[in-house]
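Participant: From first to last, the protein sequence lines stand for chains A, B, C, D and E.
Its first residue numbered 1, the first sequence is counted upward by one per residue in our numbering.
Its first residue numbered 1, the second sequence is counted upward by one per residue in our numbering.
Its first residue numbered 1, the third sequence is counted upward by one per residue in our numbering.
Its first residue numbered 1, the fourth sequence is counted upward by one per residue in our numbering.
Its first residue numbered 1, the fifth sequence is counted upward by one per residue in our numbering.
Possibly wrong hints are sitting among the right ones.
Short, incomplete list of chain C residues facing chain B, as computed with Cβ under 7 Å [claimed, not checked]: (1) K104; (2) Q107; (3) A115; (4) L131; (5) A168; (6) W171; (7) P174; (8) D208.
Don't read these hints as lab results, they were simulated from the structure.
Using N, Cα and C, we set each Cβ at its ideal position, and we do this for glycine too.
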Amino acid sequence: MIMNSLRGGIACVLFVLGCVTASTAPAADRDKLLSEPGVYGTFVAFRIDADWGKLDHPTRIAHLTVLKGVVEQYREKLAIDTYLLRGLSEHADLLVRVHATELKDTQQFLVDLQASPFGKHLTTVVVFHGLTKKANYVPGFPDNLKNDLKAASESGPYAIVIPIRKDADWWALPQEKRAAMMQEHTEAALPYHKTVKRKLYHATGLEDFDFITYFETAKLDEFQSLILSLNKVKEARHNRRFGNPTLVGTVRSLDQLIEVLAQ
Amino acid sequence: MIMNSLRGGIACVLFVLGCVTASTAPAADRDKLLSEPGVYGTFVAFRIDADWGKLDHPTRIAHLTVLKGVVEQYREKLAIDTYLLRGLSEHADLLVRVHATELKDTQQFLVDLQASPFGKHLTTVVVFHGLTKKANYVPGFPDNLKNDLKAASESGPYAIVIPIRKDADWWALPQEKRAAMMQEHTEAALPYHKTVKRKLYHATGLEDFDFITYFETAKLDEFQSLILSLNKVKEARHNRRFGNPTLVGTVRSLDQLIEVLAQ
Amino acid sequence: MIMNSLRGGIACVLFVLGCVTASTAPAADRDKLLSEPGVYGTFVAFRIDADWGKLDHPTRIAHLTVLKGVVEQYREKLAIDTYLLRGLSEHADLLVRVHATELKDTQQFLVDLQASPFGKHLTTVVVFHGLTKKANYVPGFPDNLKNDLKAASESGPYAIVIPIRKDADWWALPQEKRAAMMQEHTEAALPYHKTVKRKLYHATGLEDFDFITYFETAKLDEFQSLILSLNKVKEARHNRRFGNPTLVGTVRSLDQLIEVLAQ
Amino acid sequence: MIMNSLRGGIACVLFVLGCVTASTAPAADRDKLLSEPGVYGTFVAFRIDADWGKLDHPTRIAHLTVLKGVVEQYREKLAIDTYLLRGLSEHADLLVRVHATELKDTQQFLVDLQASPFGKHLTTVVVFHGLTKKANYVPGFPDNLKNDLKAASESGPYAIVIPIRKDADWWALPQEKRAAMMQEHTEAALPYHKTVKRKLYHATGLEDFDFITYFETAKLDEFQSLILSLNKVKEARHNRRFGNPTLVGTVRSLDQLIEVLAQ
Amino acid sequence: MIMNSLRGGIACVLFVLGCVTASTAPAADRDKLLSEPGVYGTFVAFRIDADWGKLDHPTRIAHLTVLKGVVEQYREKLAIDTYLLRGLSEHADLLVRVHATELKDTQQFLVDLQASPFGKHLTTVVVFHGLTKKANYVPGFPDNLKNDLKAASESGPYAIVIPIRKDADWWALPQEKRAAMMQEHTEAALPYHKTVKRKLYHATGLEDFDFITYFETAKLDEFQSLILSLNKVKEARHNRRFGNPTLVGTVRSLDQLIEVLAQ
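Same shape as in the complex, but just chain A (with noise of 0.2 Å):
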């Protein structure tokens, strides 16, 4: 009864915000930047301070319109999404994912998001950044499994994203052998390319990882046992870390994240 009333209260906010978005440029092109290489993805994890829950309903509500207003702007050029993390990941509370072909767009908007009534409001707590790449290995693969990798995988609503640090042996290892060992990867994941979609970012120099591994799936169970299987395979003898820390959250559209920060 408590939660519907807020619930109410709301759904006029958003109707509001509706408003906001009508009047927003046309998107950056979405398709091209989430599946091109060369493109830079970067995944921002934020806690919201203690003091935001206190402010009363209308500042959030006038502070939340501003956010949408900042991320509309962005769209143009940025492809930005939303996930929510509180409950599921320690110390962060909300992730973005922003897509660009020039990391200082990305920053732009960072900053203005930080600047923005509701960012003050917010601790940075994971900033990963990688580069999108023509697949390394996969050239060489076999016709038919090249052929599994091209059908579509389902989505969310669940998302984790893992850093993973290869050790000094992996890089010293010669072309070929580590292509053969990514073949063994792929063919053990293959089972659940259909359940859990993947998105590979190459990270190495541009922070303390060598990749960011996104995830996104319907099935958690299914997810397990894919990393499961990934454990297996000896590439994964050359994970100088995993995870440590990895996030794990569910897709929300901006208005779905604004009605839980409006709560």
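Got chain A sorted already, so can you dock chains B, C, D and E onto it with the hints?
Facilitator: Here is chains B, C, D and E on its own, set in the frame of chain A:
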């Protein structure tokens, strides 16, 4: 004397809270959630902020009444258990264990909990997730061992949660070698089967551990002997991380916890 | 001079606190709790928050009077010792050591302590637990060594608490190999038996260490020589973690501690 | 629109700050400090506290004007560069790089910076120091390699700072073995010499790293390819720690930084 | 200009503080404490909280006057040195080094320091302890080496404190092997004996390190060359931890430090 008069005050309060409870929905099928495979278990340890203790007594009671309402509302879908960690674990005061068939329901509950007036005083310090599964190795065990494992275990008041990460060698072992080691592990644990209740959650991929092990006992010395026995079997050499953090507390009903929090 | 006038103020206060003390219950059988096996020892290190120092003097005195009442109330069941860490340990100001036959009694005391007006200014930074046991290896030692171990050790004012985690190899060793190494360890420690008091707590499973070792001495150089001797025996190579954190402080009666806290 | 009106406001402000700048002293011999051996380079990453964002606009402008004065005052002695980390690095918002012939001059500047009204909102999160030296190994390189290294490198807008700690084996190697490995390292880096600017600081003893490597580039993908190449040479196996933390940001003049901070 | 007027203000203050100083007791036998074996050296690094900078100038001066009184009062018993870390070390602003024949005297001083109005703005971030001892290995060194070690070393203004933990292998080595390695270590250090002052504290058991090494120099490049030389000897391979944290700062008299703090 000071303590006694405080306790008198709480007794009245609990009466009031009792009235709220009377109107809540029927509980979820707790037994099923707590015994079947394919259920997600989530452990969240919270620290209470310093401001909570500075609120006046009627405000705290009002906030705890809302807390109780939030928890009761979710008992339809979730099995929720509560624990007091304060004094026995570092950096955390409370532990909530939630069993659900979908992790997004757990998240919704935790989001509502943190949005409640009491929840705004909580900081999440640890989140563990895991999936219950049919026993992996038990089917191949000898019949007498299987039978011994069917006996009931005694419960509380002490609860201990130990996360475990296996090393890369463990996952590279063939299934039958792991099964043999797990049989040795199970036989080492058998003498403590009656006095120490155990429950296993598979965590790989959902966070930075492979297993979350939950223990409940009235005899902490028996629990310690169990862990010492398990340390001596070959499988223990594949624990890359064991504990760190280890959570230790006591099982408390929500009403008992509220009594402590109202102080 | 400033210090002296402050100390005058405290002297009066202690008189008042003395009155409160007079009405408290008879102490638990301290000697038994401190000497027998099967007793749980808990070490809790606290940091005092910045607000405490900003309270006016009469308020601090009033809060410390309540603190004294809380501690005295539990002396019936528990053996409680207090230490000053400030200046000698990082991140912590006070240490409380509690011996109890049941850990839930210790928890109840610590919960009441933290719910007291002074306790609301405390943050728990370290919690160690352990169980006292009959000496594991001593029964097999030669008689002269056993006799030497019966001599009394001198006490305080310095107290050092060092947690230890053994490696996996240690637990995999057969009992007689561990016994032989522990005899070498004990012989290396013997020259310091008189000047350095030692007490061992078995922590495995109750937290992320296997042993909590407590030392008391008036001669820190002798204590250091003891640790250097122990570093040289074979058993030391099985210490995966030694200290980190190491707690160093001085033994202080509750009244002495209150004098410091009232400043 | 909101953003645009803010930017209008800042434009005025910068005019005012411009007047202050006009009266400042002539800059230190920046070129010498940035190119010669025997110069100390210090990198300090700061986090801005939450209170800064809550100050009204005129106060922030006034504080930033003083900041500008402090920096200009030290340009006589020091080469000072500024960077924006926010959005691209965890836990830090700003980076200041200072070159000086004496580290005590750098300290005096940083003390005055932190004593300024803006500086009181800064928390130091990372400090790296290093000394520039004549190239250790280059004198023994073949002439064509030496020539290639003389070509100019392109600059910004991206800056990356990676600290490195070598292992004990590295330092135990004879000089000629290290020289041979460094030649292989240099050859691997050569293809990126034009697009990625590098500068090396020797840090051993001055902090917990042996080298601080500074990179500047307009092409982050080229930078990443450079690091991947360096990962594959034998010398990389002697990196005990590489990054952690890695700092990523964009080069910003003080005026550009002030524009961001005024928001 | 702003800075200059501030410094004028401080000059007056120092005059007032000078009067307080005039009435203090004669200093302890500093030379003995700083040169003899059997003395405890304690290093405490403090961070100053954000509130300190917000106090008005007269209040800060009043608080610093009390600070000066506290320090002077203990000069009878203790040798107290002060350092400025701000700008050169992470997370810490000040360093205090105390030499005492009993660690409880050091504790009493630090307790009084933290109880003073200025001390209430300090957070302890690092505490190192160690005992000075007669040189362990020097008696067996050749005479010419012994003679060379008797020459005086130059001092400040730079001070560096590096804690070291040896590995288990080191302690297991026979004394003569360690002596041979320490002779090689000493010979490697000899060329820097004149320009870099060194002092060694034995820390085993008193904290999580085995040695605290203190360096003072006017020539940081010589200091760095010294550490590089020491990295190349066999004994260095037994350093399990070297630094982390490394403290870097400048020697400042209490009056000089007060000048900085009054800003």
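Participant: For every hint, state whether the structure bears it out.
Facilitator: A quick look at each hint next to the structure:
1. The criterion of a C-beta within 7 Å of any C-beta in chain B is met by C/K104, whose closest approach is roughly 6 Å, and the hint holds.
2. Residue-level restraint check for C/Q107 holds (minimum Cβ-Cβ distance to chain B is 4 Å; threshold 7 Å).
3. Given hint, C/A115 at the interface with chain B, holds; its Cβ is 4 Å from that chain's nearest Cβ, closer than 7 Å.
4. A cut of 7 Å between beta carbons decides the hint on C/L131: the least distance to chain B is about 6 Å, and the hint holds.
5. A hinted interface residue such as C/A168 counts as satisfied when its beta carbon comes closer than 7 Å to some beta carbon of chain B; here the least separation is about 5 Å, so the hint holds.
6. With 7 Å as the threshold, the beta carbon of C/W171 comes within range of chain B, its nearest partner Cβ sitting at about 4 Å, so the hint holds.
7. Interface hint at C/P174: violated, since its Cβ lies 10 Å from the closest Cβ of chain B, which is beyond the 7 Å cut-off.
8. The closest approach between the C-beta of C/D208 and any C-beta of chain B is roughly 4 Å, which is under the 7 Å cut-off, so the hint is satisfied.
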